[in-house]
Amino acid sequence: MEEQAAQLTQAIDSILAGAGSLLPELLLAIFFLLLVTLDLFKSKAIKRLLPWLAATGLFATLAIQLLGGYTSEGVQFLNLLRSDGLARYSGLLFSAAGIFTILLSLQNKRLEKLKEGRGEYYALILMLVLGLNLMAKSVNLLMVFIAIEVVSIASYILTLTLKEEKRAVEAGLKYVLYGTLSAGVMLYGMSFFYGLTGSLDYTLVSFWRSLLDASPLMVTVAAILIFAGFLFKISAAPFHFWTPDVYQGAPMPVVALFSTGPKMAGIIVIMRFVAAFADASISGAFSDILLFLGVAALATLVVGNFTALWQRTPRRLMAFSSVSHAGFLLMALLAFGSEYMTSVLFYMTVLLFMNFGLFLYLQVAEEKWGVQTLEDFKGLGPKAPYAGIVVLLYLLSLTGLPPLGGFMGKLLVFSNVWEAYSLTGQTMLLVLLVTGILLTGVALFYYIKIPYYLFLKRNQSAENLVISLSNKLLLGFFALPLLVLFFKPDLLLHWIERILAQTL
Amino acid sequence: MDYILSSLIFLPLLAALVVLLLPLRFQKTMKVVALSGTLLQLVVAVLVYLGFDGNAQANGQTGYQFVEKLNWIGFSLGSLGRFQIEYFVGVDGVSISMVLLTGIVGVIGIISSWNITKNVKGYFLLYLLLMTSVMGCFLALDFFLFYLFFEFMLLPMYFLIGIWGGPKREYAAIKFFIYTLVGSLFILIVMIGLYTSVIDPEATAQQMGMLGQGVPASFDLIRQMQQMLQQGVINSSDMVRTFSIPAMMEPANFIPGSLLHVLSGVTLFDYPIRFAAFLLVFAGFLIKVPSVPVHTWLPDAHVEAPTPISVLLAAILLKVGGYGLIRIAYPIFPDAGAYFATLVGGLGVLSIIYGALCALAMNDLKKLIAYSSVSHMGFVLLGLASLTNEGVNGAIYMMFSHGLISAMLFLVVGVIYDRAHDRTILNFRGLAKRMPAYTAFVVIAFFASLGLPGFSGFIAELLVLLGSFSAPEATGLLPRWLAIVAVFGILLAAAYYLWALQRMFFGKYWIFPELRKKAAISDLNFREYLMLVPLAILALLFGIFPHLLLDKIGMAVAGFTELVLRNGQEQLNMVLSTLIN
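Top to bottom, those sequences are chains R and E. Just so we're aligned: the first sequence equals residues 0 to 503 in numbering that gives the first Met the number 0. Just so we're aligned: the second sequence equals residues 0 to 580 in numbering that gives the first Met the number 0.
Calculated directly from the structure, the hints in this document are not laboratory data. All values reported here derive from a predicted model rather than from experimental measurement. We put the beta carbon where it would ideally sit given N, CA and C, even for glycine. Accuracy of the hints is not assured; some may be wrong.
Some, not all, of what chain R presents toward chain E, calculated at C-beta under 7 Å [to be verified]:
#	residue
1	Val273
2	Ala275
3	Pro402
4	Phe413
5	Ser414
6	Trp417
7	Glu418
8	Ser421
9	Ile436
10	Leu438
11	Thr439
12	Asp489
13	Leu491
Dumping the calculated BS3-like pairs for lysine-lysine here, alpha-carbon to alpha-carbon at most 30 Å [stated by the list, open to error]:
#	chain 1	residue 1	chain 2	residue 2
14	R	Lys382	E	Lys167
15	R	Lys456	E	Lys30
16	R	Lys487	E	Lys68
17	E	Lys68	R	Lys377
18	E	Lys68	R	Lys382
19	E	Lys167	R	Lys456
20	R	Lys108	R	Lys471
21	R	Lys165	E	Lys27
22	E	Lys68	R	Lys367
23	E	Lys432	R	Lys456
24	E	Lys68	R	Lys456
25	E	Lys174	R	Lys377
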């Protein structure tokens, strides 16, 4: 009895000691509860306040993450979480993504007119960001599972926000079915790992060392089962089938969030998972796992880029574009031996801005101009020249052409892969590198479709299109960093390096 | 004078900004701004040309003039050391001719665009952006900077063809974009490989504290650094990796053990990886040149593009391909350049003959001229592959001369198209009767292009053929039959030009009945004289006084061939010896 009590106090002490490092998550949780509570009141004034309250919560989190200071060495919270520089920088990206989502939602007519569930919608965004932060911090298999589930549950409901629409319901159902299946498979794989090692601390080298005795086939199968869950979150092939439907059915700001937040968090989880593979003895023993990841990256790149070619609607086009970016990020993770973490974070930052910018444009086009398919963009370019030029910047950046941040991000990643190839001589890396670069040509072909319809095709109707000032400002706000990150990428790179160096 | 090259690059960009800020109704002002922007660029280009010292030693690694070098992007990636990207521009004999050409053609193109009515603002904005990126491409000595300008060229071109082009413009524009993008992606792969393998000895010395910041390194110190690098005593974290093209030309700057190092011994499909890298860069520039078999985008792009854009495309954009081979592919991979000489020369000859045969078969005058471009650019490849002084001089001369003459050719096609809205050869006969002055310029352009002595095209073809004939003895590179076959290209050129001339311009005046309603056949107007006369004079001037250009480029070419041959032979032996071991 006394022993148990001692253990309990020890656990509580450990939790309390680690609580400081969870400041951003605590803040998000508090604001989440606040939003849910206030949503119960019927007053219109309070309801109108809710988005701003959610934004305040995210801004406060962002501020804390900017200031830093809460990060610390080692693992906290019963060895479940790790608040290092990696988690801090990715946390910044998640908070920014949350804020951008709210900004987009405030411009969205259908969301503004939503009769019920408006407060819930904003609360769920907070919950999703909270889950993302936990994902990035987890160093324990069970904690990863819980964090992923937090994100998933929030995602399911957010997909269904516009529940009177048939497409939304279809998307939501598909998402839930795929999601629960992949979660189950992932849990199954985790149970193998626990059975083999008796531990869940998968980021430790010792964890993998203890797996050296087990049958390699068993370990590989277990790892692949776990990756089913991770790859589902980042919409990598062959777990990407939900993507186009969800992108077609969910509200635009939510799609923008899905295309960035969970993808980044999933990549960070995989990054932590394979971190132990930098040790040559481990990557040598479990080379099959790396091979699987390499093949998955290759398949994702190829499937994403080539399927995007046949899409007729901008939403589905962007769904496959996001699949291809997942493949790209996966490839970046395999460049062991090079300092790939900085490049990956740089790329994610660029991805954040270009995706939100593009989805804002699509939202304006869909709501104000009634654009449903790519052909509907016909001749709209000269009628809204400012937006047309800005969207061109986003698309070229997504393709990866200079002078935009997307090019710089790709250049850095490719350099890492090349470096890793020259260190290890793994043919897989060379194949990935060459495929990744050449697929840019394919990517151009589908991204250019939007400017092609915008500027090269004519439209007879004469009236000019109006875009509200706030939308114009936002479009410019998302485009500016793309230019800055091309011409002065070292500013951000130095900063990322400093943050990563803090606690690693 | 310190920033003369920057002003050359950014003057059109400045003009573009002015055009951007002008309200839509000031269309005339926009044209004037664009004209003055390109005129200023021409003036500066002529100043650079006059100020360029043609007697200075130069070999690609050194000897650049009007150099500007500023730090642009620098970051460190942990154990990999620092990466540096510089704003590094300069001219040598190879680029000076291209700079002058770009200046001249830029102005001519604006005059030719004077009648544009559709979306004037967008047109001149894109035109000026294009001028900036082309000029930047010819002046950049940092690979990253070069690549930036090289890729940025595609976008304005895509829209210029796609919006202001002919009936199938969308197809032609996307084909152009995809083809050339794939080419530049090949180059990107190699660029990544190169900059992770090459260090800047001077900056590395500064990083290691052996040299104060901002102090230029002495020759001995650079040698010492290179020796230390090859002995492997420099820490990886001290290395400053660079995009500088001259640094990449020095084999001693390659990090030992890096994949593209001469002694890396890494093979890909049984070829040394350096050979594969050369082939990638070569293919990338080959698409731009363009050479058979990757030329198919060119006829489409030319036929659909509006006249001024065709002029730019033929006169300067194609030159970027040849220029890239001379500036990047050959000096950085001289071993592979020597090894693949027959391939390069063979593709050149194939382009000469196949392009000429296609031209012979064309009914559309513009397509005929597009294929004649393919044929003439083949001479550039042939001259370059010979690696003799005459051949390389000839290749550069051919690029310059073809720039002037092809501009003229596309302008004369534009003249008839403006009047008849048609350019099918068989729809016209006896045009000389109604348009004598026009016919005179067509004859001048055709004869200049087919290599009549007295015009610049003759000098170029003569030099290339001299070089490729003497190559078997001088450099031991090309088989003799290549040069012999190439001569038939000139014959074929005479055939397709004279045949076209005979069909369209001589005989009794007749035009296709359906065209008569719309066509207003009148002779040249003032604006057209303004474009054609200077070009004709220049083609004649550089045909009679070739030393005007050859004096400027001679030293650089001599340095280039010496460097490529010397390094090429040495490195080829090393590469092959590592393979045998």
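Quick rundown of the hints versus the structure:
Contact between R/Val273 and chain E, as hinted, is not supported at the beta carbon level, the nearest pair being about 18 Å apart and thus beyond 7 Å. Hint status for R/Ala275: violated, given a least beta-carbon distance of 19 Å to chain E, over 7 Å. Evaluation of the R/Pro402 hint against chain E yields a held restraint, the C-beta minimum of about 6 Å falling below 7 Å. At a threshold of 7 Å, the smallest CB-CB gap from R/Phe413 to chain E is about 5 Å, leaving the interface hint in force.
Given hint, R/Ser414 at the interface with chain E, holds; its Cβ is 5 Å from that chain's nearest Cβ, closer than 7 Å. Among the interface hints, the one on R/Trp417 holds; its C-beta lies about 5 Å from the nearest C-beta in chain E, closer than the 7 Å criterion. Among the interface hints, the one on R/Glu418 holds; its C-beta lies about 6 Å from the nearest C-beta in chain E, closer than the 7 Å criterion. Here the hint on R/Ser421 is kept, as its CB sits about 5 Å from the closest CB of chain E, short of 7 Å.
Because the beta carbon of R/Ile436 sits about 5 Å from the nearest beta carbon in chain E, less than 7 Å, this interface hint is met. Interface hint at R/Leu438: violated, since its Cβ lies 9 Å from the closest Cβ of chain E, which is beyond the 7 Å cut-off. Because the smallest distance between the Cβ of R/Thr439 and any Cβ of chain E comes to about 6 Å, under 7 Å, the interface hint for this residue holds. Checking R/Asp489 against chain E by beta carbon gives a least distance of about 4 Å; that is within 7 Å, so the hint holds.
Evaluation of the R/Leu491 hint against chain E yields a violated restraint, the C-beta minimum of about 9 Å exceeding 7 Å. Taking the CA atoms of R/Lys382 and E/Lys167, the gap is about 23 Å. The hint holds against a cut of 30 Å. Using a Cα cut-off of 30 Å, the hinted pair R/Lys456 and E/Lys30 holds, with the two alpha carbons roughly 25 Å apart. Restraint check for R/Lys487 and E/Lys68: the C-alpha separation of about 17 Å stays at or below 30 Å, so the hint holds.
Restraint check for E/Lys68 and R/Lys377: not satisfied, since their Cα atoms lie roughly 45 Å apart, outside the 30 Å limit. Under the criterion of a C-alpha separation no larger than 30 Å, the hint pairing E/Lys68 with R/Lys382 is inconsistent with the structure, at around 42 Å. Distance hint between E/Lys167 and R/Lys456 is fulfilled; the C-alpha atoms sit about 12 Å from each other, no more than 30 Å. The straight-line distance between the Cα atoms of R/Lys108 and R/Lys471 is roughly 16 Å, inside the 30 Å bound, and the hint therefore holds.
Of the supplied pair hints, the one linking R/Lys165 and E/Lys27 is violated, its CA atoms being roughly 54 Å apart against a limit of 30 Å. Straight-line distance between C-alpha atoms of E/Lys68 and R/Lys367 comes to about 49 Å, which puts the hinted pair past the 30 Å bound. The hinted pair formed by E/Lys432 and R/Lys456 fails the criterion: a straight-line CA distance of about 41 Å is larger than 30 Å. For the given pair, E/Lys68 sits about 43 Å from R/Lys456 by alpha-carbon distance, which is inconsistent with the 30 Å threshold.
The straight-line distance between the Cα atoms of E/Lys174 and R/Lys377 is roughly 20 Å, inside the 30 Å bound, and the hint therefore holds.
This entry does not satisfy hints 1, 2, 10, 13, 17, 18, 21, 22, 23, 24, going by the numbered hints stated previously.
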